[in-house]
Amino acid sequence: MKIDVSRVAQLANLPLTADEKKKLAAQLEETLTYIDQLNEVDTKNILPTSQVTGLENVLAEDIAQPSLTQQAALANAQATDKGFFKVKGIFSDE
Amino acid sequence: MNDAIDIKSLTITQAKKDLAAKKYSSVELTKAYLERIKKVEPKVNAFITVTEEEALKSAKEADAQIAKGEDKALLGIPLSIKDNFSTLDIRTTASSKVLDKYKPPYDATVLTKLKDSGMVMLGKTNMDAWAHGSSTETSDYGTTRNPWNTDHLPGGSSGGAAASVAADEAIAAIGSETAGSIRQPANWCGVVGLKPTYGRVSRYGVIAMGSSLDSPGPITRTVEDSALLLQILAGQDPHDATTSPTAVPDYLKNLKKDIKGLKIGISDDYFEGVDPEVKATVEQAIKTLEKLGAVVKKVKLFPPKYAIAVYTIIQRAEVSSNLARFDGIRYGNNRSTFGDEAKRRIMLGTYTLSAGYYDQYYNKALKVRTVIIENFAQAFKDVDVIVGPTSPTTAMKIGATEGQSMFGELADVLVEPSSIAGLSGINMPVGFSKAGLPIGMQIIGPQFAEEIVLNVAYQYEQENPLYKIKPEL
Amino acid sequence: MNKYTPIIGLEVHVELKTNSKMFCRCTADYFGKEPNSHTCPVCLGLPGALPVPNKTAIDWCIKIALALNCKINEFSKFDRKNYFYPDLAKGYQISQYDLPFGHDGYVILGSNATPESNQKKDAGQASMTKEKRIGITRVHMEEDTGKLTHAYGASLIDFNRSGVPLVEIVTEPDFHDAADVKEYLQKLQQIVRYLEVSNADMEKGDMRLEPNISLTTDVKVLPNYKVEVKNINSFRFVEKSITFEIKRQTEILEKGETPAQETRGWDENRQKTVSQRSKENAHDYRYFPEPDIPPTTHTKAEISSLKKSLPELPDEKMVRFAKIYALPVYDAEILTRERSLADYFEEVVSLCHPELVSGSQKQEMPKRVRHDITPKEIANWIINKKIDHTQITPDELLTQITAAKQTIAIDETELVKIITEVISENEQAVTDYKSGKENALMFLLGQVMRKLGKKVDVQMVKEKIKQQVA
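Line by line, the protein sequences give chains A, B and C.
As numbered in this note's numbering, residues 1 to 94 make up the first sequence, in order.
As numbered in this note's numbering, residues 1001 to 1473 make up the second sequence, in order.
As numbered in this note's numbering, residues 2001 to 2470 make up the third sequence, in order.
Please note: incorrect hints may appear among the correct ones.
Said to hold, decoys possible - Okay, the calculated beta carbon distance ranges per label pair:
| # | chain 1 | residue 1 | chain 2 | residue 2 | range |
| --- | --- | --- | --- | --- | --- |
| 1 | C | His-2283 | B | Gln-1284 | 27 to 33 angstroms |
| 2 | A | Asp-42 | B | Ala-1377 | 31 to 37 angstroms |
| 3 | A | Lys-2 | B | Asn-1334 | 25 to 31 angstroms |
| 4 | A | Leu-47 | C | Ser-2234 | 43 to 49 angstroms |
| 5 | B | Pro-1249 | C | Gln-2186 | 55 to 61 angstroms |
Bear in mind the hints are in silico, worked out from the structure with no lab data behind them.
Backbone N, C-alpha and C define an ideal beta-carbon position, used for all residues, glycine too.
This is chain A alone, in the form it adopts within the complex (with noise of 0.2 angstroms):
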């Protein structure tokens, strides 16, 4: 199957070049070919698992306790503004 390189991108929000986007197309292609081969091995009436620990219900109390200050928590980010986080203006259609 061919794999619309585009729509992908744009659902894994990945700004990439019409080149690397060839690339990936290939890519993308043989390792889908490698996966396949699971299709060898008979699943039917097998549950899947999708973590291994055999945990249940890890659970935190309700009880409140000390954030990071404000100062901290932007002190990573490229851009703020009076103790928020500053991106380009974001608008909807209308």
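With the hints as your guide, set chains B and C onto chain A.
Below, chains B and C without anything else, positioned relative to chain A:
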């Protein structure tokens, strides 16, 4: 420089004795390592950041505590930390330019534990960017070189960590493994690399790669040091819901037990396609274990090649989601700064999770994962541990991976099944190739069987103490 | 216009008032705080941070589900919902996909009584009104995002809200008009307030509403399009947007066209919905099980114990009030709108008719049990006088009612006569009062009361004395 310090023969255990006996101070010890780093880094490039100032400060504090008679497991011991562990106010890049200037406002739980034990952190080690790879070539800060032959790769992703130990730039290192990232570089660099059971060591603060697979662990010269570090790292963490409440045993206590009658499993599939030199050396090591009284039994393991596919799907899916937070708003640079490998993985993961493909890829992989887990469970009914080569080859030459988009998976084919099942495992150096490159054997145990894995490794090490042989740099 | 039947479903997000956030222990009370002063590595989405779910939030989510008559999944889990937006710290929201905590519930509108509840047979009047059953598709747990504001061509982000527990309640497309939607929303708000799990304060954004609207000519067939109106924070705006959409879509359909499947927003300034195509961007959330959080299980026993812990809900309470206190449904409905008012009413009743109020023994027995005041009189007084129950104690309220009742019973001329007598008999006291001695008035009052020999409105008598003395 204090002449009593011979960093080429040091282990944590030895250094602790020496510090306690006042043969030298932690400051002197730390300076010796900082000197060594200065000397060999141009050749090895194991570190991204050397934290000289902080190291000397902690060493000084450690000395003050030693003077007061305090006893902590790592008091004054200089270690290196892989650069995907968050370190409070110290640059943490995961080897990606995305995080070039990032200084976390918190410590990973592993760091907290090490600091509480009195560790001196020498610096942050190089790795494949985001831990994506098995060579450190995907690092945005240059490839690390194998101390045994600097034309060769150290393996990865914890390549800098393994190289820092092999090159005596740290007594020991903390690395992390998703599938092979501790054991494979430990193998290629000829050191001991322990991958604990998933959930044994907290992931909190470790920049996530494959969340359902990531396991932090120690890279050391000796098995005893490995046990000592695991003792500090292991345990349930309230900040990581996937850590286990299973009690942490005394890992050092059982090291010296003999292994008479211990059942060791070997699987033919794990020797298939393996370099003949590697195969022969590992077979020799298995004979050594038999000599020690272990009983070798054949086990039928699920073919490792399927593990590659399972691992590729699960890991890339998790990667695509884990790397979504890097948007350049709260920290770091924007998404255009990701390297090629990260982009490749994000794209594949995004694709396999997208509408219409989930069942075909992700869910299928999770089902085969179940098959692999059950297969191991079956095998461990008959044997206590499983041994085999850690990697199919010795360290590859720099540049040899060019254009192989599945290189990492193939290099890690023999460790991936156990990672997918979340098992414990270790790489033990068992010999050298004719070219002088290290060869390693892996010992795989069930979940939470680190005690047994370390015991077998220790007994082997007594017979063949390869840690005494050091590379020339 | 009548040719088309509106098919309306609702998604409502309710923010819980837990102490700490959903997946970290930052305080969840973020409203009006300094921006980014309530964050930590987890809710800021820093590299390496991991979520640990809030037990109380999960319990409360299940309580909401139970109150909405949902089935509870014994095995449940969290999933990652992947999408990008600057206010979404991790690039994914931890939510629930195929195994929400609650599913397949319902709410009955127009009756204020749940048919399955054991009060049904007593509902009487209530069940006579038309009933509508609104299906609840699912009730699931997720986390809130940060807050984005726009200023001077830039967008500013505050992550204090990031990670605050949110419960999403999704209905079946069972509504056909805006009025029912409004009734449902009021009911939902009332229920979460009764459960004391959310303030449900619209102004603070505790409830966010998203109706989806389409029109059909045949109610048995769902239309092939759906218009979602996102993020409305007022019941009135929901009504308006639905009314507007019905009109807009009717016009499109009348032209023989099909309205576009899209997301719109309510523009209060222009009194219309507007397209928000930018927010759509062909959703593909790539859900997968959250690897950082082990699944959760709830045994039947745990579920039933949570169910037992539910307070009496508004519908049941209303029916009981109507029956036990012999109140008109209308009064019972008003008194049970807020749990605190209902409790207040019962406290007052318990002072007069302790036998009626279950659990009233925990109150101190009143000195004088005022059997003469009926629950209906109390209800009338509270409702008609618009009593602020946070200001007037039950005892004071009873005094007011008693006084009012007595006042009517007193003969005005007799009272004037007695006061005149008392004044003339106690000249010294009158002089004292005029020179500013308040005690003197109390003395005069005592004399009048004794002569009256009845329980009367003291306040009223006092006023009368003042008038006559002056």
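Taking the hints in turn, this is what the structure says about them:
1. C:His-2283 to B:Gln-1284: 27 to 33 angstroms: violated (58 angstroms)
2. A:Asp-42 to B:Ala-1377: 31 to 37 angstroms: The hinted range 31 to 37 angstroms is violated for A:Asp-42 and B:Ala-1377, with Cβ atoms some 18 angstroms apart.
3. A:Lys-2 to B:Asn-1334: 25 to 31 angstroms: holds (29 angstroms)
4. A:Leu-47 to C:Ser-2234: 43 to 49 angstroms: Between A:Leu-47 and C:Ser-2234, where Cβ atoms are some 45 angstroms apart, the hint holds.
5. B:Pro-1249 to C:Gln-2186: 55 to 61 angstroms: holds (59 angstroms)
Comparing the model with each numbered hint stated earlier shows that hints 1 and 2 do not hold.
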